[in-house]
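Trainee: In the order they appear, the protein sequences are chains A and B. So in the working numbering, spot 74 of the first sequence is number 74, and the numbers just go up one at a time. So in the working numbering, spot 143 of the second sequence is number 143, and the numbers just go up one at a time.
Hints are computed from structural coordinates only; laboratory data are not their basis. Fair warning: there could be bad hints in the mix.
Stated by the list, open to error - Once the Cα atoms are required to be at most 30 Å apart in a straight line, the calculated DSS-like pairs of lysine-lysine come out as:
#1 A:Lys140 with B:Lys180
#2 A:Lys140 with A:Lys180
#3 A:Lys180 with B:Lys180
#4 A:Lys180 with B:Lys140
#5 B:Lys140 with B:Lys180
#6 B:Lys140 with A:Lys140
Said to hold, decoys possible - Quick list of simulated restraints, FRET-style, between CB atoms:
#7 A:Asp53 with B:Pro120: 28 to 34 Å
#8 A:Pro190 with B:Thr210: 29 to 35 Å
#9 A:Gln132 with B:Leu141: 53 to 59 Å
#10 B:Glu189 with A:Pro213: 30 to 36 Å
#11 A:Asp19 with B:Arg154: 38 to 44 Å
#12 A:Thr191 with B:Thr210: 20 to 26 Å
#13 B:Arg195 with A:Leu183: 28 to 34 Å
#14 B:Arg49 with A:Tyr143: 50 to 56 Å
#15 A:Ser97 with B:Thr210: 42 to 48 Å
Each residue gets a CB set at the ideal place from its N, CA and C atoms; glycine is no exception.
2 protein chains.
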Amino acid sequence: MTSDAPAVATIVVIFAIIDERLQVLLVHRDADPDAGSWALPGGVWDGSRSLDDAAAAKLVEETGASDVYLEQLFTQSGLDHTQPSVAIAYFALVDASAVRLRAEPGDAWRPAWLPVGELPRLAFANNLVIEQAVERVRAKLDYTNIAYGLLPERFTLRELQSTYEAILGGESLDRRNFRKRMLGNAVIEPTDEVRREGAHRPARLYRFTTREPVFL
Amino acid sequence: MTSDAPAVATIVVIFAIIDERLQVLLVHRDADPDAGSWALPGGVWDGSRSLDDAAAAKLVEETGASDVYLEQLFTQSGLDHTQPSVAIAYFALVDASAVRLRAEPGDAWRPAWLPVGELPRLAFANNLVIEQAVERVRAKLDYTNIAYGLLPERFTLRELQSTYEAILGGESLDRRNFRKRMLGNAVIEPTDEVRREGAHRPARLYRFTTREPVFL
Chain A
1 MTSDAPAVAT
11 IVVIFAIIDE
21 RLQVLLVHRD
31 ADPDAGSWAL
41 PGGVWDGSRS
51 LDDAAAAKLV
61 EETGASDVYL
71 EQLFTQSGLD
81 HTQPSVAIAY
91 FALVDASAVR
101 LRAEPGDAWR
111 PAWLPVGELP
121 RLAFANNLVI
131 EQAVERVRAK
141 LDYTNIAYGL
151 LPERFTLREL
161 QSTYEAILGG
171 ESLDRRNFRK
181 RMLGNAVIEP
191 TDEVRREGAH
201 RPARLYRFTT
211 REPVFL
Chain B
1 MTSDAPAVAT
11 IVVIFAIIDE
21 RLQVLLVHRD
31 ADPDAGSWAL
41 PGGVWDGSRS
51 LDDAAAAKLV
61 EETGASDVYL
71 EQLFTQSGLD
81 HTQPSVAIAY
91 FALVDASAVR
101 LRAEPGDAWR
111 PAWLPVGELP
121 RLAFANNLVI
131 EQAVERVRAK
141 LDYTNIAYGL
151 LPERFTLREL
161 QSTYEAILGG
171 ESLDRRNFRK
181 RMLGNAVIEP
191 TDEVRREGAH
201 RPARLYRFTT
211 REPVFL
């Protein structure tokens with residue numbers, strides 16, 4: 001290789017539903033350019049392992065989550081204005097209740113979840129990367145079981161609908177149509193369990209018929 | 001950058017329908033490793049333009065075609081066993097009748113179309129890249145107008161169906177259902193023109209309602 005080979009990085013858009021909103025995990029950059037500003041987790045790819053493995057390792061490092069939905073999004077040039085570079089972006093859907101964020105010395109440097117609709121200007125045009133990831137997830141909601149990544153293994157229909165609504169940016173879905181569609185697609189199935197919450201009628205728990213990606 | 005930065009290349013899977021079969025454009029590699037064997041067109045990316053522009057330029061260089069469907073497929077590491085590298089793969093759908101293949105000195109080095117079902121072992125695990133491109137195109141047939149890239153502006157319903165069948169690997173589609181679906185989706189519309197071929201009844205010419213990618 002010549003010394004002017006482009007820089008290669010992997011970055012990961014990590015989504016979770018927190019407070020009924022779609023949120024993305026961001027870290028503070030610890031080096032220039034844009035030291036101190038928020039950015040997607042990622043790092044230089046050195047070729048010692050596959051791109052998929054590098055993205056999965058970054059995900060585990062940040063969240064502790066390994067059994068999650070991880071997909072390559074796209075590769076973009078020109079995100080870093082200081083040098084020729086390509087960034088291979090992935091996105092992941094994680095169940096927030098299973099996440100343990102990586103600790104950092106000093107509160108100011110801790111990773112944090114931010115709602116996708118309320119992001120500041122991020123380093124490296126990362127806002128654009130997140131927008132494209134959101135678009136991909138929304139598109140896939142319609143024809144795959146992709147939402148399984150955001151939920152625990154067992155969940156109520158209300159939690160499932162709330163997850164869909166969060167991904168769609170707060171849009172309200174008709175309860176009856178939603179349930180009919182999800183059950184009709186054989187995407188989910190009832191379990192024997194129910195959950196009791198306060199004085200409400202116990203809610204049936206459901207699970208995805210498969211946690212492998214399937215087309216509907 | 002350090003001198004051990006990975007190599008970055010763009011490669012393009014260029015599809016056309018020729019002799020009613022889905023074929024892919026291949027070139028002979030002119031350098032080691034695997035000099036002389038068939039490979040996808042591509043080249044080192046030097047950072048002087050965007051990845052999209054580099055892929056489009058390669059497509060024009062090989063086929064002369066510019067107004068075509070071009071989409072990023074995925075990025076893969078490890079295709080080249082001689083050094084750490086990433087290859088950003090694109091795929092393109094071109095109308096074979098509009099293509100003028102790049103000329104090379106000596107017949108043995110001319111680019112050529114090969115049917116996707118009958119490929120030899122290609123350099124750099126390119127067979128795998130082509131398989132994934134075929135899979136993407138087939139999946140998109142169902143919910144986009146992606147086939148517009150493979151056809152001239154005006155075409156008969158028979159040509160359209162034949163194009164779909166070629167992409168699906170020779171599967172026969174029911175003529176009546178196919179027409180009903182294409183017209184029902186508002187993907188195509190009739191024009192005022194007909195085409196006369198031999199003693200047959202003149203065939204109506206159709207066009208895509210849009211040649212921009214749309215979801216059905």
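Trainee: State for each hint whether it applies.
Mentor: Hints, one by one, checked against the model:
1. In summary, the hint linking Lys140 (chain A) to Lys180 (chain B) is supported, as the alpha carbons are separated by about 26 Å, within the 30 Å threshold.
2. For the proposed pair Lys140 (chain A) and Lys180 (chain A), the alpha carbon gap of about 19 Å is at most 30 Å, so the pair holds.
3. Among the hinted pairs, Lys180 (chain A) with Lys180 (chain B) is consistent with the structure: their alpha-carbon atoms are about 27 Å apart, no more than 30 Å.
4. For the suggested pair Lys180 (chain A) and Lys140 (chain B), the alpha carbons sit about 26 Å apart, so the restraint of at most 30 Å is met.
5. The straight-line distance between the Cα atoms of Lys140 (chain B) and Lys180 (chain B) is roughly 19 Å, inside the 30 Å bound, and the hint therefore holds.
6. A distance of roughly 13 Å separates the Cα atoms of Lys140 (chain B) and Lys140 (chain A); the hinted pair therefore holds under the 30 Å criterion.
7. Taking 28 to 34 Å as the suggested C-beta distance range, the pair Asp53 (chain A) and Pro120 (chain B) conforms, at roughly 30 Å.
8. Restraint check, Pro190 (chain A) to Thr210 (chain B): a C-beta distance of roughly 43 Å breaks the suggested window 29 to 35 Å.
9. Look at Gln132 (chain A) against Leu141 (chain B): about 23 Å separates their beta carbons, and that is not inside 53 to 59 Å.
10. Between Glu189 (chain B) and Pro213 (chain A) the Cβ separation comes to about 35 Å, which falls inside the hinted range of 30 to 36 Å.
11. The hinted range of 38 to 44 Å is not satisfied by Asp19 (chain A) and Arg154 (chain B), whose Cβ atoms lie roughly 54 Å apart.
12. Range check, Thr191 (chain A) to Thr210 (chain B): Cβ separation about 45 Å, and the 20 to 26 Å hint is violated.
13. For Arg195 (chain B) paired with Leu183 (chain A), a C-beta distance near 48 Å fails the hint of 28 to 34 Å.
14. Look at Arg49 (chain B) against Tyr143 (chain A): about 34 Å separates their beta carbons, and that is not inside 50 to 56 Å.
15. A C-beta distance of roughly 44 Å is found between Ser97 (chain A) and Thr210 (chain B), which places it inside the suggested range of 42 to 48 Å.
Of the numbered hints given earlier, the model fails hints 8, 9, 11, 12, 13 and 14; all others are met.
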